[in-house]
Amino acid sequence: MPKALKSTVSVSELAGQLMALDDLLASCMRCGLCQAVCPVYGATMKEADVSRGKIALIENLAHEMIKDVEAVSQRLDRCILCGSCQSNCPSGVNTTDIFLRARQLMVAYKGLHPVKKIIFRFVLPHPGLMSFGTRAGSWFQGLFLRKVNEKTGTVEAPLLRPFVGRRHFQPLEGRSFSAKSGAIDTSAGASGIRVAFFPGCVPDKLFVRLADATMKVFEKHGVGVFMPDGLVCCGMPNLVSGDRNSFNRLVRTNLKRLGGGDFDYIVSPCATCVSGIKENWLRFREDFTPEEQRGIEKLQGKAIDITAFIADVLKANFTASEAKEGDTCKMVTYHDSCHLKKSLGVYAQPRAILDGLPGLRYAEMPEADRCCGSGGSFTLTQHDLADRIGRRKRDNIVSVKPDLVAVACPACMLQLMDMLSQNGDDIPVKHVVELYADSL
Amino acid sequence: MNANLVKEFVGILGKEYVLTEEADRQSYSYDAAVLAPRIPALVVAPGNQEQLGRTVKLAYENGLPITVRGSGTNLSGGVIPEPGDSLVILTNRLNRIIEINEPDLYAVVEPGVITSQFADAVSARGLFYPPDPGSQTVSTLGGNVALNAGGLRGLKYGVTKDYLMGIEFFDYNGELVKTGSRTVKCVTGYNLGGMMISSEGTLGVFSQLILKLVPPPKASKAMMAVYGDINKASETVAAIIAAHILPCTLEILDQKCLKYVEAHTKAGLPTEAAAILLIEVDGSHAQGVEEDADKVMSLCKKHGATEIRIARDAAEKNKIWEARRNALPALARARPTTVLEDATVPRSKIPAMVADINRIADKYKLEIGTFGHAGDGNLHPTILCDRRDKEEFRRVEEAVDEIFDTALKLQGTLSGEHGIGMAKAKWMEKETNRATINFSKNLRRALDPKYLFNAGKKII
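Line by line, the protein sequences are chains V and U.
In terms of the numbering used here, the first sequence has 271 at position 262, counting the first letter as 1, and numbering is strictly consecutive.
In terms of the numbering used here, the second sequence has 1479 at position 301, counting the first letter as 1, and numbering is strictly consecutive.
Pulled out of the complex, with its shape left as it was, chain V reads as follows:
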């Protein structure tokens, strides 16, 4: 990453700012148990890649024992922010807080990558532009894409290799969900529940079928839906890159759009969006006005992932009527998304849904809750590392010989599709809500 041309902060000043994290840093007792669960360390086995090593480096920088900011920053960027270490930490070290805040200080010191700057400041805040890009992309993609796997429907883009690498992905489905549907405002039906629908960027633009499936669930269960025009990204890509200002702007826009609505829950098929609203909007609410803070707190209490909504709120009846044997019954396994299990504590619900669906037999894969290496923007900036981590997930999936693999996070879906397709495995990747909606 290029150094900022006009860094207004000196290393000593940066060190002083990092000292604000001292109480958080001091809680790490260097036991090293994070090595057992850290996906990046699992791939490289380098101490600087595990949370203990990163915390030591931040502490050393804060105490000016090291002055090479770029070297520390590079190492801090090698973290998916999956939260595995935090959920396994005996001392309860708040690693997410530490790493998010440290990255913000680093960005303030050295500036944001120019490509990120354009995306965060000009693309993400403009949903119309993104929807147009999706549509335009869907017209022309045929020129670039080559099918690589009939069964999983994945493609690669040999001509675009400098931009997308050798990734296998799914072609754009056409118009974005929000462009198709426009604003939605329906009243509660049989369930008596009304929700705000926050589709998230990937279900809105790329996996439009997930947004459609979620809507079908709402419809079949008599749930009223409020989806205002102009919802923007939840801000997580900005936050993990240390760009607090553009994060704040996105949150503020979303607060305004959602502010007028009357709803019991805010539901998304994207675990990262839900954990963004539930944890990170709240975590950084200090930058907002008292009124906005009240809005954030209200949404925090209402945010729920679609699988938890189906299982815990709708209390859908999952008992499949038919016997789960024979050739027609497909075997499904499930990958725990980090933001779903480790941030939101949702892991029983998706399994209960899968277990109850007709025609599916559930099998647990080894290390089901080990990070797949996606982490949203991590896979864009650290592709080789994401690949190495993903191969372990691929091996675990394949080891149970499933007919399909289910997840409940669009970012994990992208990674799993890529990993399986690269290896020539004919295992389709499905979101739990797709499978559930199909059964309705």
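One or more of the hints may lead you astray.
[Stated by the list, open to error] Now the stretches of chain V that chain U is said to cover, found in silico as 3 or more residues with beta-carbon under 8 Å:
1) 31 to 44
2) 52 to 59
3) 71 to 79
4) 87 to 101
It is worth saying that the hints were derived from the structure and are not from the lab.
C-beta: ideal position from N, C-alpha, C; glycine also.
Dock chain U against chain V, hints included.
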């Protein structure tokens, strides 16, 4: 460090496995002990036996102090490198399980294999590797041998030394020394494996281990006994062993631990109790296990337990063990710094030791929670503090010294399983005598004439 020498290491190991950048080297400057970090000049990660041998030879010839590091979980500063032109050798790429021999009940492994991954692999083959140190999910088997790691099962199943059948290591010339065998009995030559146990990286560099495996127990039963008086809990421990019952687990938690664990987990623990015992008996026959469990229960009652909770199934057993598993996390969350000691006393001295620890806590105005392996006298007094508060940390250091003093007075030992490292080296003579230190120094000088293998640790 001399650039040509670095090039020679790169020649042996490849560029990727020779770490020279400051930020990388800084991340190998500490372990889990509360001690100041020291930055090595070079860090290398050999990927096979041959590379390891050549690395040791090159480093020794050039007079580099060598510290071998597994996962860096040491609690006594044992893998904090020497300052200056020093070398850290990482074992984590030497992580192959070479053989698990079911008929002959042994396994051959490289030193960087993770303890619990090995135990799982062994278990998948229907066998059992019992040593289970608290750091087992990350600790390495090489580190376990170098520290003679124990764990919860020590009372019945022993510790790492009871499972080391043979070992291969590189001497200071980079020559491979082989000792022990794949047989149950072996009296060929000196018992060099015994010498390598708890040598803390000071005598040679391990390259391969032969470990004993045992058949797993087929039945087990777990329970929790609650006491209003910690002495009664200790009497129960002595009575259980006097009755010739060897529980596989026999753990104690004192009142302060209970208070913190309950505050942290809200699991419904008896916070009014002075102590609890967690007991598990196991064996190859369900009936025998039941009989042992009944006997243990009546001994608990007889010696003043106010309540006994029996686990009827795996879920209930899990609930009981949760208290033990949460002891350290709960204490660690109370204050920023956790100083975890492992002074060990003869079993019968546990009440005296616990009373003294509480007296020391009062004297130095510190919070100390105590839990540990009551069955083998290995206690973990855990001091809750903030290393940034210099005045408080001085009191911590004085308290630690007094805890050691007390353990020695009670005919105990400085360290049951965490090692001597840098933290306790100055105490060695007090536990032993001058002649022992001199003998150990002579031994060390013969095997490490330039004093480069983990200098400044263990025997100084």
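Hint check:
Coverage of the region 31 to 44 of chain V by chain U holds in this model, with 10 residues showing a Cβ closer than 8 Å to a Cβ of that chain against a need of three. Residues of the region 52 to 59 of chain V lying with their CB closer than 8 Å to a CB of chain U number 4, which satisfies the three-residue condition for coverage. Counting residues of the region 71 to 79 of chain V whose beta carbon lies closer than 8 Å to any beta carbon of chain U gives 3, which meets the minimum of three for the stated coverage. Judged by the Cβ-Cβ criterion of 8 Å, the region 87 to 101 of chain V is covered by chain U as claimed, because 3 of its residues qualify and three suffice.
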